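Given chain A, work out where chain B should sit, using these hints.
In case you want the letters, here they are:
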Amino acid sequence: MARHWWKALAILLLIYVIIAGFTIKIPIIGTNGQSSRGLFFHVPMWICMYTMFTISVVNSLLYLSKYDLKRDVYASSAARVGAFFGVLGFATGSLWATYTWGGTLTDDPKQICTAIAILIYMAYLVLRISIHDIDKRARISAVFNIFAFALLIPLTYIIPRMVDSLHPGSASTPGFASKDTDGGMKLVLYPAFIGWTLLSVWIYTLLVRYKKLELKNIFK
Amino acid sequence: MINRAFSFCLTLTLLLVSVLANAQQQDTEKGALNEFFRSNDKIYVIVGVLVIIFLGIVLFLINLDRKISKLEQRDKK
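So the protein lines, in turn, are chains A and B. Just so you know, this note's numbering puts 156 at position 156 of the first sequence, and the rest follows in order with no gaps. Add 1000 to the 1-based position in the second sequence for this note's numbering, that's all there is to it.
In isolation and in its complexed conformation, chain A is listed as follows:
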């Protein structure tokens, strides 16, 4: 039981986030209204996605240095969980955009670039299915994964910040600098980051453990 403490921590933090996220007083600004509370649920999805894709690319690099198939399993599992959270983040963002930006799928650079980034990772998952030879699959997908990560950062972080976007953090809108977020909201936002990330790690470990049972010949 002692090694499950972080799962309990994730559950407690997230219950706090759900309750406090709806109950605390937040500043009502512009067209956002109460929807600013989405910050506690929409942004952590992306933190989870970045965490998973980082785990994935590190394992892909390690695979290419030692050709250990375990690393390939870690990388692909993390990419799957990361893509899952990416889709959740995109869906919540689209819903939010419908009522604040005036369109579900807008021509906003942040939204377009993120969609491209998620599609690249979808392509990674499809690519894996299409190759039957295990070693070939591991090598090609590891190289693809590194390219995918190299595109993820400029697509979701750099380009939307260089051009005008409605999304916070672009050239003309306030970002996530320490002054931009209300102090009270930070008390929920940071626990939300930790809680959701721990939850995504939990789901990731479940997937890895399932894969370990399924692919016994690799994990000996």
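What the hints contain is simulated information worked out from the structure, not anything from laboratory work. None of these values were measured; they are calculated from a predicted model. Please note that a few of the clues may not be correct.
[Claimed, not checked] Below are the SDA-like pairs computed for lysine to any residue, each with C-alpha atoms no more than 20 Å apart in a straight line:
id: 1; chain 1: B; residue 1: K1042; chain 2: A; residue 2: A20
id: 2; chain 1: B; residue 1: K1076; chain 2: A; residue 2: F219
id: 3; chain 1: B; residue 1: K1030; chain 2: B; residue 2: Y1044
id: 4; chain 1: B; residue 1: K1042; chain 2: A; residue 2: I24
id: 5; chain 1: A; residue 1: K220; chain 2: B; residue 2: K1077
Coordinates of chain B only, in the frame set by chain A:
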């Protein structure tokens, strides 16, 4: 065997819930808890909904975690 015991317990709990719900039907209008859930345009009802959904997902994950642990234990032998 475990599944049968589990479904029996679940049925019993659900039966009890319906009994409890009937018993409380008269005073849903009063009480501090009901007033709390009705305040602020009933937003706390939805907070409750989210907590229930989240706990459901967590129970599912815990269950899955234990099932995988069991398989791992069996695998070691």
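Structure-based check of each hint:
no.: 1; hint: K1042(B) <-> A20(A); verdict: holds (15 Å)
no.: 2; hint: K1076(B) <-> F219(A); verdict: holds (12 Å)
no.: 3; hint: K1030(B) <-> Y1044(B); verdict: holds (16 Å)
no.: 4; hint: K1042(B) <-> I24(A); verdict: holds (15 Å)
no.: 5; hint: K220(A) <-> K1077(B); verdict: holds (14 Å)
Checked against the numbered hints above, the structure breaks none of them.
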